[in-house]
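> Residue numbers (this note's numbering), protein chains in the order written: chain V, 18 to 590; chain L, 3 to 588.
Please keep in mind that the hints were generated in silico from the structure rather than gathered at the bench.
Source: prediction; values computed, not measured.
It is possible that some hints are incorrect.
[Claimed, not checked] Computed, partial: chain V to chain L, Cβ under 10 Å:
#: 1; residue: N209
#: 2; residue: E229
#: 3; residue: N244
#: 4; residue: D415
#: 5; residue: T434
#: 6; residue: R489
#: 7; residue: R530
[Said to hold, decoys possible] Anything over 10 Å on all C-beta distances counts as not near chain V; from chain L, calculated:
#: 8; residue: A116
#: 9; residue: A179
#: 10; residue: V405
[To be verified] Taking lysine to any residue pairs in the SDA-like style, the calculated list, with each CA pair at most 25 Å apart, reads:
#: 11; chain 1: L; residue 1: K72; chain 2: V; residue 2: L40
#: 12; chain 1: V; residue 1: K472; chain 2: L; residue 2: L166
#: 13; chain 1: V; residue 1: K26; chain 2: V; residue 2: L40
For glycine and all other residues, C-beta sits at the position ideal for the given N, C-alpha and C.
Chain by chain, the residues run as shown.
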Amino acid sequence: MKRFFPYIKKHKKYYFLSLLMLLLGVGFDAAMPWFVQKLVDDVLIGQNTSHMWAFLLAMLGCYIFKGLTKYAQEYTSDIVGSLIIRDCRNDLFNHIEKQDQGFFKENTPGELMSRVKHDTEMVGFSLGFIGLFLLQLVVQVVVMLVCLIKLSLPVAIVCVCIMPIIAVIAFKEEKKGDKIFDDISEETATMNQTASEAITAIRTVKAFNREEHEKKRFEKRNKHFFNLSVNLEKVFSGYDGIITLIGRIMQALAILVGGLMVLRNSMTLGELASSTSYVNNLMWPMMELGWIINEISGAVASGRKINKIFNTSSSIKEGTQAIRSKGELEFRGVSASFGTSKVLDDVSFTLKSGGTLGIMGATGSGKTTITNMALRFLDPQSGQILLDGEDIRNLDFDSLRGAFAIVTQDIFLFSETVMENLKIGSSQMEDKTAINAALMARADGFITKLEEGYKTVIGEKGVGLSGGQKQRLCIARALAKRAPILVLDDATSALDMETEREIQHELRDIENRQSTIIVAHRISAVRRADEIIYLDSGRIVERGTHEQLMALKGRYYETYVAQYSKEEADGCK
Amino acid sequence: MAVNRASENEEKSKAEKRATVARVLGYMKPYKAWIVFVICIMIISSVIAVLLPMLVENAIDVQVASSNAKGLVIVVCISIALSLIWSVLYLLRVRIMAKVSNEVVLTVRSDAFAHLQTLGLNYFDSRPTGKILSRLIGDITSLKDMLRSMVTNLVPNLFFVIVLVIVMFIKNALFSAAIMAILPILVIGSVVIMKKAFVFWQEYRQKSANVNAFSHETFNGIRVVQSFRAEQEMSKSFSEITADAQVNWRKAVKLSDSVRIIIDISMGLGMMLLYLLAIKTKASVGEVVAFTSYLGLFWQPIRQMANMYNQLGNQIAGAERVFEILDTKATLLEADKPIELPRLKGEVEFDNVSFSYPDDLNTLVLDNISFKAHSGQTIALVGPTGAGKTTIINLLARFYDPVKGTVRLDGVDISKASFTSLRAQIGVMTQDSYLFSGTIMENLRYGKLDAADDVIKKACQTIGAETFILATEKGYDTEVNDQSLSQGQRQLLALARTLISNPAILILDEATSAIDTYTELLVQRGIKILTEGRTSFVVAHRLSTIKSADCIMVIDHKGIVESGRHEELLAKGGEYAELYKAQFEL
Numbered sequence: 018m019k020r021f022f023p024y025i026k027k028h029k030k031y032y033f034l035s036l037l038m039l040l041l042g043v044g045f046d047a048a049m050p051w052f053v054q055k056l057v058d059d060v061l062i063g064q065n066t067s068h069m070w071a072f073l074l075a076m077l078g079c080y081i082f083k084g085l086t087k088y089a090q091e092y093t094s095d096i097v098g099s100l101i102i103r104d105c106r107n108d109l110f111n112h113i114e115k116q117d118q119g120f121f122k123e124n125t126p127g128e129l130m131s132r133v134k135h136d137t138e139m140v141g142f143s144l145g146f147i148g149l150f151l152l153q154l155v156v157q158v159v160v161m162l163v164c165l166i167k168l169s170l171p172v173a174i175v176c177v178c179i180m181p182i183i184a185v186i187a188f189k190e191e192k193k194g195d196k197i198f199d200d201i202s203e204e205t206a207t208m209n210q211t212a213s214e215a216i217t218a219i220r221t222v223k224a225f226n227r228e229e230h231e232k233k234r235f236e237k238r239n240k241h242f243f244n245l246s247v248n249l250e251k252v253f254s255g256y257d258g259i260i261t262l263i264g265r266i267m268q269a270l271a272i273l274v275g276g277l278m279v280l281r282n283s284m285t286l287g288e289l290a291s292s293t294s295y296v297n298n299l300m301w302p303m304m305e306l307g308w309i310i311n312e313i314s315g316a317v318a319s320g321r322k323i324n325k326i327f328n329t330s331s332s333i334k335e336g337t338q339a340i341r342s343k344g345e346l347e348f349r350g351v352s353a354s355f356g357t358s359k360v361l362d363d364v365s366f367t368l369k370s371g372g373t374l375g376i377m378g379a380t381g382s383g384k385t386t387i388t389n390m391a392l393r394f395l396d397p398q399s400g401q402i403l404l405d406g407e408d409i410r411n412l413d414f415d416s417l418r419g420a421f422a423i424v425t426q427d428i429f430l431f432s433e434t435v436m437e438n439l440k441i442g443s444s445q446m447e448d449k450t451a452i453n454a455a456l457m458a459r460a461d462g463f464i465t466k467l468e469e470g471y472k473t474v475i476g477e478k479g480v481g482l483s484g485g486q487k488q489r490l491c492i493a494r495a496l497a498k499r500a501p502i503l504v505l506d507d508a509t510s511a512l513d514m515e516t517e518r519e520i521q522h523e524l525r526d527i528e529n530r531q532s533t534i535i536v537a538h539r540i541s542a543v544r545r546a547d548e549i550i551y552l553d554s555g556r557i558v559e560r561g562t563h564e565q566l567m568a569l570k571g572r573y574y575e576t577y578v579a580q581y582s583k584e585e586a587d588g589c590k
Numbered sequence: 003m004a005v006n007r008a009s010e011n012e013e014k015s016k017a018e019k020r021a022t023v024a025r026v027l028g029y030m031k032p033y034k035a036w037i038v039f040v041i042c043i044m045i046i047s048s049v050i051a052v053l054l055p056m057l058v059e060n061a062i063d064v065q066v067a068s069s070n071a072k073g074l075v076i077v078v079c080i081s082i083a084l085s086l087i088w089s090v091l092y093l094l095r096v097r098i099m100a101k102v103s104n105e106v107v108l109t110v111r112s113d114a115f116a117h118l119q120t121l122g123l124n125y126f127d128s129r130p131t132g133k134i135l136s137r138l139i140g141d142i143t144s145l146k147d148m149l150r151s152m153v154t155n156l157v158p159n160l161f162f163v164i165v166l167v168i169v170m171f172i173k174n175a176l177f178s179a180a181i182m183a184i185l186p187i188l189v190i191g192s193v194v195i196m197k198k199a200f201v202f203w204q205e206y207r208q209k210s211a212n213v214n215a216f217s218h219e220t221f222n223g224i225r226v227v228q229s230f231r232a233e234q235e236m237s238k239s240f241s242e243i244t245a246d247a248q249v250n251w252r253k254a255v256k257l258s259d260s261v262r263i264i265i266d267i268s269m270g271l272g273m274m275l276l277y278l279l280a281i282k283t284k285a286s287v288g289e290v291v292a293f294t295s296y297l298g299l300f301w302q303p304i305r306q307m308a309n310m311y312n313q314l315g316n317q318i319a320g321a322e323r324v325f326e327i328l329d330t331k332a333t334l335l336e337a338d339k340p341i342e343l344p345r346l347k348g349e350v351e352f353d354n355v356s357f358s359y360p361d362d363l364n365t366l367v368l369d370n371i372s373f374k375a376h377s378g379q380t381i382a383l384v385g386p387t388g389a390g391k392t393t394i395i396n397l398l399a400r401f402y403d404p405v406k407g408t409v410r411l412d413g414v415d416i417s418k419a420s421f422t423s424l425r426a427q428i429g430v431m432t433q434d435s436y437l438f439s440g441t442i443m444e445n446l447r448y449g450k451l452d453a454a455d456d457v458i459k460k461a462c463q464t465i466g467a468e469t470f471i472l473a474t475e476k477g478y479d480t481e482v483n484d485q486s487l488s489q490g491q492r493q494l495l496a497l498a499r500t501l502i503s504n505p506a507i508l509i510l511d512e513a514t515s516a517i518d519t520y521t522e523l524l525v526q527r528g529i530k531i532l533t534e535g536r537t538s539f540v541v542a543h544r545l546s547t548i549k550s551a552d553c554i555m556v557i558d559h560k561g562i563v564e565s566g567r568h569e570e571l572l573a574k575g576g577e578y579a580e581l582y583k584a585q586f587e588l
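Take these sequences, add in the hints, and give me the full structure.
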């Protein structure tokens, strides 16, 4: 729980304020009987009405001020909780954002969302409201106990003997509750993820008429969650019932002991009456203990989940060196494997500033791995990658990732406006630059036809748009970034021929100024590259210019034949 | 289409608060007997709770004062026995309520999820996933809270107060009337506060949903975020969203908590009035003291009810968000007496079909399209992006209904056919095919849950997907999710999945765009074998893959501009010929 101390420290003024209000409230509470007594003794019995209104108003004042201080106390403890939730959420979000790709393969968005939303709430509520309430109870117990010891030691001993039993039970409750809450927190995340999948995949679900299947899948989670919730309440009601019972037994025993002492004349009746009221004030904090423990075990379980995320640090460590890249990239004997299978095997190439590299190869041959490594989404197991002659492991991410503008295979757009999507990562960008990029990517045409043009909000993953339109937005987004190296990872697959041709013309102009990496299946996309590498199972099996590769009559040539025709292939020679 | 973004509030519900509460209570109907039982338990428990302090009083004032040791022991034993009964009743009550209230959540959540599945695609397209999730998972718990406070708080407390008021009036009608005169202040104050706080609770629920949506979306698109170095920007937006949520919560709590000031003021006024009257009527001290203790008993349930009423605002705001899902009408309805389609021969007809999206009826995406496809034919759809190729497919699979015209399969209007018999026979591989978290085998079996292993493996071999599957760690049993494979591999699996579902009509929308030419040749050959005798629709930009289609339809924003076989269209020298030439000019 050490992780959360700084949050408490940061908002300590609210804690102090809350405690101050608590004490003030106790003061008003204590003052009230005095005025009541005065009213009874002086006015009611003594028939002296001269100060009647003063006493009456003073009593009313006590109530009002008690109300105000209690309000302030409650409100401040509520605020501190919500502030902790806010801060913890922000920190967790920032931390998650910096994780490597492996982390996101293990933790799905639905799960992570649940951690950021639900688990922070559990922790914040406990640290704020519950924590202060517990503190209040502890103070109350200690004060009452001290008073009781002073008044009557035997009665105090009864309480002191019984309270450890309650503490042990509470401790056990916490332990058991912690386990159930652990499962609940996990199940909340799983249920979120299951629903999230069914919602994201709604087209696939509908296409296969699998609504029933998804319903069953979700129902299973829902039912599991139900069982956990019911079980939780069962367990807690048991503990809660026992704690209350013991609290009440404590009170009864205290009276019995006190009463017997009065009968033996070792205590006065008045003393018994006041010690009973102390015991009473010792008892009700015990009765509140049940649900407080409940909340705390929830917070402990959630805190552990949050902590686990905080403790994972990205395996990819950012360097410190800052450079302004000219767009020169070199791979030197780079190899990598996932588990047993080699993904890249001794890959070397050099991309000169302003040059173009074409990458071809079969599905799953490692093409995207190369771009992933260049941006350090992955690190190679052996070999070296250099940007402008500097090992990329030494570079800070701004220099490194800032040097690339990438169009990835899987299209991802945010549910923001078209303009905001184009400007992602550089919100200070001028509209002109973004629009220019959209023009180059042949996206301006359909954007201006949208209801609100560039200000139209597009759905999550751009669902309102056609595949080709989304891809054009992704291209425009990368072009707008104007980075030294442009990476096009199968970036034109969803475009129709005509648009593809137009965009490629535009890109050709850019290629002369910018270094470019083109991953593609189409000969047409790579044929003008300075070097083309052809990958198979992570190895470069063919490399050279278009002409050299055609002359080689290998895989590249075969691909050409398949895409065009044998006659043309040979004519090209 | 009006699209909601992650950082922006959704529209507020305009449901009547009272109607929402009534609706939540309606869910208790099946548990009537249990509820009555719990209320009885609650009443007994409250009586015990009142008796216990009285026994304490009796022990001291009567037994000890009269030096009755035996009496003291008896009273103590009685109070322990009553405490035991209380605890047992408490256990019983919590367990029953846990079951009832959680069962209501279980039912409503399942209902809401089932209902979601029937909604049209535009529902999902127009809002971020995280916002739907926050209704389904988070907001729904307010139903539980509301039920519980109604049963274990409102009803027993109300009962208790009524009994007490009667007793008080019998004891001293004047004093009681004075106390009652204070109550309107409390009621009016609570109502005003709750009304104002409710707006903030509604706002807070929306902001919370924004927190969900924004984090979900960012983590979903993390690669884009990281490669565009947008982490800081995202953090900044996120901190604005969390701050917004916090501020609205604060505003709501600030108002809600203030109910307790009103309670204390009412109590103070009550006491003042009581003493004033006592002094004026020269009442005895004993009378005043006795009445004061009644007042203590009276205020406790009143305070609890005021607190409950106060939380109601938050709960209603949550409940109405859940009901909104249930109240969203499915735009796509199954016919009243749906026709069960027999195994289709595969005759497809579009008869003067026009289409526009439900929330933008003025823009026609398809305008009066008609065509026929015969059984066993392969129809290719080509044309510029955004021309409506995918829309034609969406209509054919009945993801949407046309605004005008009819789509027929084997002469039957598909809007009259049952969903099951229709979709089971149409195999669509959409552009954004999704892989579920599970094994490769489970994913392949998604379209036909009873497919035999060797049928599945055979299909994978035929389209050339088996090579990479076997290369994964555990082959067909490798766990995958939507993020874990390369785009091309995902397409191969999605394609295999569609083929395994053995549809009468096959629709492939850009099914091979991410697959390399070499594998694609294998895939094409495989598809040919597997689609033998089925009517198939193919959308593709690579014209090489559709040359052999029986009919190529060129779709433009104007509709179908040309159709015919590859050679015919080339000879015609129209749009298709242009497109075909384009790919060699690249």
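> Hints first: check each against the structure and report whether it holds.
Results for each hint:
Annotation: N209 (chain V) was flagged as interfacial toward chain L, and the flag holds, the nearest CB pair being 5 Å apart, inside 10 Å. Hint status for E229 (chain V): holds, given a least beta-carbon distance of 9 Å to chain L, under 10 Å. For N244 (chain V), the interface hint holds, since its Cβ comes within 10 Å of a Cβ in chain L; the closest pair sits about 9 Å apart. At about 6 Å, the closest approach between the beta carbon of D415 (chain V) and any beta carbon in chain L falls short of 10 Å, and the interface hint on this residue holds.
A cut of 10 Å between beta carbons decides the hint on T434 (chain V): the least distance to chain L is about 8 Å, and the hint holds. Nearest Cβ of chain L to the Cβ of R489 (chain V): about 7 Å, under the 10 Å cut. The hint holds. Restraint check, R530 (chain V) versus chain L: the minimum CB separation of about 20 Å is more than 10 Å; hint violated. Some Cβ of chain V comes within 10 Å of the Cβ of A116 (chain L); the nearest lies about 5 Å off, and the non-interface call is violated.
Distance check on A179 (chain L): its Cβ is at least 19 Å (rounded) from any Cβ of chain V, clearing the 10 Å threshold; non-interface status holds. Listed as a non-interface residue, V405 (chain L) keeps its Cβ farther than 10 Å from every Cβ of chain V; the least gap is roughly 18 Å. Distance restraint check for K72 (chain L) and L40 (chain V): the Cα-Cα separation of roughly 42 Å exceeds the 25 Å cut-off, and the hinted pair is therefore not satisfied. Between K472 (chain V) and L166 (chain L) the alpha-carbon distance is near 63 Å, which puts this suggested pair outside the 25 Å criterion.
A distance of roughly 21 Å separates the Cα atoms of K26 (chain V) and L40 (chain V); the hinted pair therefore holds under the 25 Å criterion.
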